[in-house]
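Residue numbers (my numbering), protein chains in the order written: chain A, 30 to 461; chain B, 30 to 461; chain C, 30 to 461.
Hints were generated in silico from the structure; no laboratory data involved. Please note: incorrect hints may appear among the correct ones.
The list treats identical chains as one, so a pair stands whether inside a single copy or across any two.
To be verified - Below, a list of computed lysine-lysine pairs in the BS3-like style, where the Cα atoms sit at most 27 Å apart:
(1) K203 x K445
(2) K349 x K338
(3) K451 x K203
(4) K445 x K404
(5) K176 x K349
(6) K349 x K221
(7) K203 x K447
(8) K447 x K404
(9) K203 x K310
(10) K338 x K221
Next come the chains, spelled out residue by residue.
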Amino acid sequence: NKDGLRFENEDKSVSVALGGRIHADYRNFDHSGNDKLASNSSANESDTFDIRRARLVLSGQIMDHYTFQLSGDFAGQTAGNTGATLDQAWVNVNYWRPLQVTVGQFKAPISMERKMSSNTLDFLERSLHDSLGSYEDRGLMVWGIPKDGLTYAVSVINGEGNKNSNDVDSRVSKPEVQLNATVNFAELMGNKDAVYHLGVGYADTEFSKANSASSSASTWWVAGSNQFRTEARGVNFLALPNVGSVANTSNAIERQRFALEGAVALGPVKVVSEWMRNSFKGDLSPTADFNNNIDAWYVSTLWNITGEKFADFYKDGVFKGVKPTNNFDLGKGGGTWQLGLRYAHIDASDFNNSNFAAAGGGTQNGVSRINTTSKTNTFEAGAWTVGLNFVPNPNTRFMLNFVQTNFDTPIMIESKLKDNEKAITARAQFNF
Amino acid sequence: NKDGLRFENEDKSVSVALGGRIHADYRNFDHSGNDKLASNSSANESDTFDIRRARLVLSGQIMDHYTFQLSGDFAGQTAGNTGATLDQAWVNVNYWRPLQVTVGQFKAPISMERKMSSNTLDFLERSLHDSLGSYEDRGLMVWGIPKDGLTYAVSVINGEGNKNSNDVDSRVSKPEVQLNATVNFAELMGNKDAVYHLGVGYADTEFSKANSASSSASTWWVAGSNQFRTEARGVNFLALPNVGSVANTSNAIERQRFALEGAVALGPVKVVSEWMRNSFKGDLSPTADFNNNIDAWYVSTLWNITGEKFADFYKDGVFKGVKPTNNFDLGKGGGTWQLGLRYAHIDASDFNNSNFAAAGGGTQNGVSRINTTSKTNTFEAGAWTVGLNFVPNPNTRFMLNFVQTNFDTPIMIESKLKDNEKAITARAQFNF
Amino acid sequence: NKDGLRFENEDKSVSVALGGRIHADYRNFDHSGNDKLASNSSANESDTFDIRRARLVLSGQIMDHYTFQLSGDFAGQTAGNTGATLDQAWVNVNYWRPLQVTVGQFKAPISMERKMSSNTLDFLERSLHDSLGSYEDRGLMVWGIPKDGLTYAVSVINGEGNKNSNDVDSRVSKPEVQLNATVNFAELMGNKDAVYHLGVGYADTEFSKANSASSSASTWWVAGSNQFRTEARGVNFLALPNVGSVANTSNAIERQRFALEGAVALGPVKVVSEWMRNSFKGDLSPTADFNNNIDAWYVSTLWNITGEKFADFYKDGVFKGVKPTNNFDLGKGGGTWQLGLRYAHIDASDFNNSNFAAAGGGTQNGVSRINTTSKTNTFEAGAWTVGLNFVPNPNTRFMLNFVQTNFDTPIMIESKLKDNEKAITARAQFNF
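Generate the whole structure from the sequences, applying the supplied hints.
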């Protein structure tokens, strides 16, 4: 898309751009193939070449005030969804910049990291923090840019949080309302060399306990074999206890999200941090209820070794991809080099208590009990990532990451109890 | 596609158009979330935002006489088919307008409503009548336009009736032969202000009882959990009794379709009606056979409040989308407004008898018995739809429908016995 | 793509081509519908219209040295994978013709037949030999053309052998290394009227017994209900015995491929032959191991009745599609006519012994035992194909094949024991 091709009709009332992206990955884990005697029970634990994304993107503008995007991913398969998947499909009506309306499947407004294009992420994968957030979702969004440096968005969406699960028809007891607002003080003060970004988010929805079943690929309530996965796309390590339907109690679970985001960019260096809490409330039994949180956060920094200024690539609340000052050519050099460091943390220890194990018996287990028996779960984890990127031209990028995830409670990986996972991951990326 | 972009090579021997369509829907049901204590067992019963269609379309013409279309839907998932689906993929050879040949996956010729593009339907969804018809199917079609106002088509197709079920390889005992012919008397008489359309259709095929299994997503014989759904895409309400393999009887079931279609358009008003019968014949046991029908029909009317003449948008047997006389712009007005009303009816009461329950025991139940125990089925239903459309420009459309479906026999919806479903549905549509 | 459309930006640094292909097939078998009393248990055994391929292809070149291809197939469903599938997604870096690097999902280098585009195959389907080969796979390839007439490739890939199985994450104990080299002596000698092609291939990988489970759609080890299928896309006829995890034995299985390819083209006639052996080694029990082979080969010939010279359509180790000297037009004639004959053979009789049946009991059966009880398997099969092709223009092709597959041991097809399958298959093909 960026630096891609754009076609217009004669009177310029219709303009369409055709783009694509290929993300070709390799992942190598320290635990992989340790033991030839063992049966590898999980594909996630294996070294592999992967096509992380293979997307076609149609976007354009019609009659000045209507913009659209339609993108599909031919490598979008997940456990619950084989075949190609829909990425985004939305129409935006823009008669006035401060007040616009988007309908369709679009990125929910909360989280700076989520709103970055996957083509422009600082590291191969978004952080553990992103597991608590909202992905592309379906609904309606009113948003705008009242003034350069200020953005806001109010969306009413299904609240499923993931386009891949149960897409055919969502079970929405109450749609999710999401609010987000950001400010870039540097832009307000007329400083073009820096970014001082601050943002807040809040969301509220209600869903049925039927959506927390471990057998489904539900992202309402990650449970059972449906677990959070490490940033390196390695092992699954964290799920919430199951909560099932219990006689004479409401099936409704309320989920609230609270989010904070901040970023400072000075010349070729940026530091970004986000925090999010997902808070779940509901009835466990006719006499007991629950009110528990999962929290996650990250801090990351990225340095353009070749000197490009990050403020040049920030727009309307989001960092865009850095374009090299000079494109790389053999013998002449050029291209952008970047070095990054990130720490992310996720904490669901608030669910580590006997309430869940007690209510409803065998199928409603506490996290602690899950770990005691099958040792597939932990309560908390933290992950370090070191990354090196090379951007020879705006269409191409090569990335190398080292990711170490530390588990609070050791879990079984290929028949061994381990308290961390180490991975080297690499990507060759092409977008046009 | 329409008003989209078309590219040609230098000698104009190849011309390709790239298009897309986004249908972003919202559905709200009267029964949804009535009872927080109940477990929502069916996703179909929930309020939801949906991407109804997200298609990429390549079409074009090569060497004057070859036209093609290839379209895929990234939101094409159904219960039996996750991921993106193939919509149409055909090549048409046109050396002579009265005699053309199409091969590939195309719209089967029967039914005026089916042949309309989903971009140009009068209401959000096709009527209950469409449940008995044939969708995109794979095969070969000989067709033509002998004279303006006359069309005919003879197709030999798999007869599966739905592109989503068992697409990999169809089980065809005998391919379906479909015949269709239409006449527009107004065109024959040289009247350009009106449409007096009449059409007939007939089809015959034979399939195996193995295709009537309730577990499959078969559209040969809708049974078990595979039910007809309301026009509002709400609850499932009607299935045929199961017929399984029985020793010493033929597994063959013969299906015939009989179809009539008629339309009158005078100035800005059109009235359309269609009727179809599906007739099934086969052996129930060595001593008993069956010969039963399902019938469905609808009558609908649409009024262009803004005065556009429907005859201008009728071509070769099908109504195309109405284009506004003036495109809408803020402050200046413009665009097309439409008001519509439809009644549709489906009747499978011919299957409501004890023959099916008797033959083969527990797994071969009559409709009546299905309803007596699980109360998920009715014999007959009728649906009223009122619709309002706004078409600001040829690429955009907004639709609002109210749909009430009345069930002949009450069925269980969210733990309550109800004899109707009310729904408000809305669509923002974008095609290019 | 070929003769398709190509778009460039102003400074010609980005050039993108949009293409597509539609393969519309019909297959008719001698055994289909023989017995209306029988339940057709396998869809593969039925006559059918099929969309064999419906692909969108984006390809292009960026900044002179980077080429890419991204293609998805909307008709790519297989038993294990509904919905659209990814075909190819790769980027090639080409600063020097003799040493290039490709990353992503691409065609593995072994087999001349495999590397031909499906648009240009001599017959509707690749031969039985192709069952042992490698399909599109994910990884990295170093390759080059040191001199016209010489090619080599070294690839490191997942080794899954099929893009459709377990794509999300491959279980790679050890990646597959594939080597291939070809020479065209005619080109080396400066003879432009002939092709004297010779090639060799070797590959080695190791995978887990967990990947040989019959329940999965694994292509590592074709077993259980996951069988090889006839060239006519008819019945499944050959699977290897299951090997499961056994205590105190390694789970590792080593697979080696040995491949030879040769082709001679003189004027309008070409003769092509390939041979491949897949060799599997591993432990059956703590005291016994196995080391068994499957072999397959084919010889085929194709004659351009209309005289086009094959050497004109050979490039860098692969035959490209023949373009007609004059395009066909009604009344004027033109187009290319081709007549072909092929024999292919597959032989897994090396697995027909009591070792597999003995080790591990009921679930680890020898081929012989599989046939004795369910009669769904043979050890060896050979297939004759006669084909006639008509190519009216470079974008269109019509094909007609007769295929007879002879089974060494008779198998049950629609309740009858048969020692062969006869099929007539046809294709209308459109690519742009």
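Practice task
List, from low to high, the hint numbers that the structure doesn't satisfy.
Solution key: none
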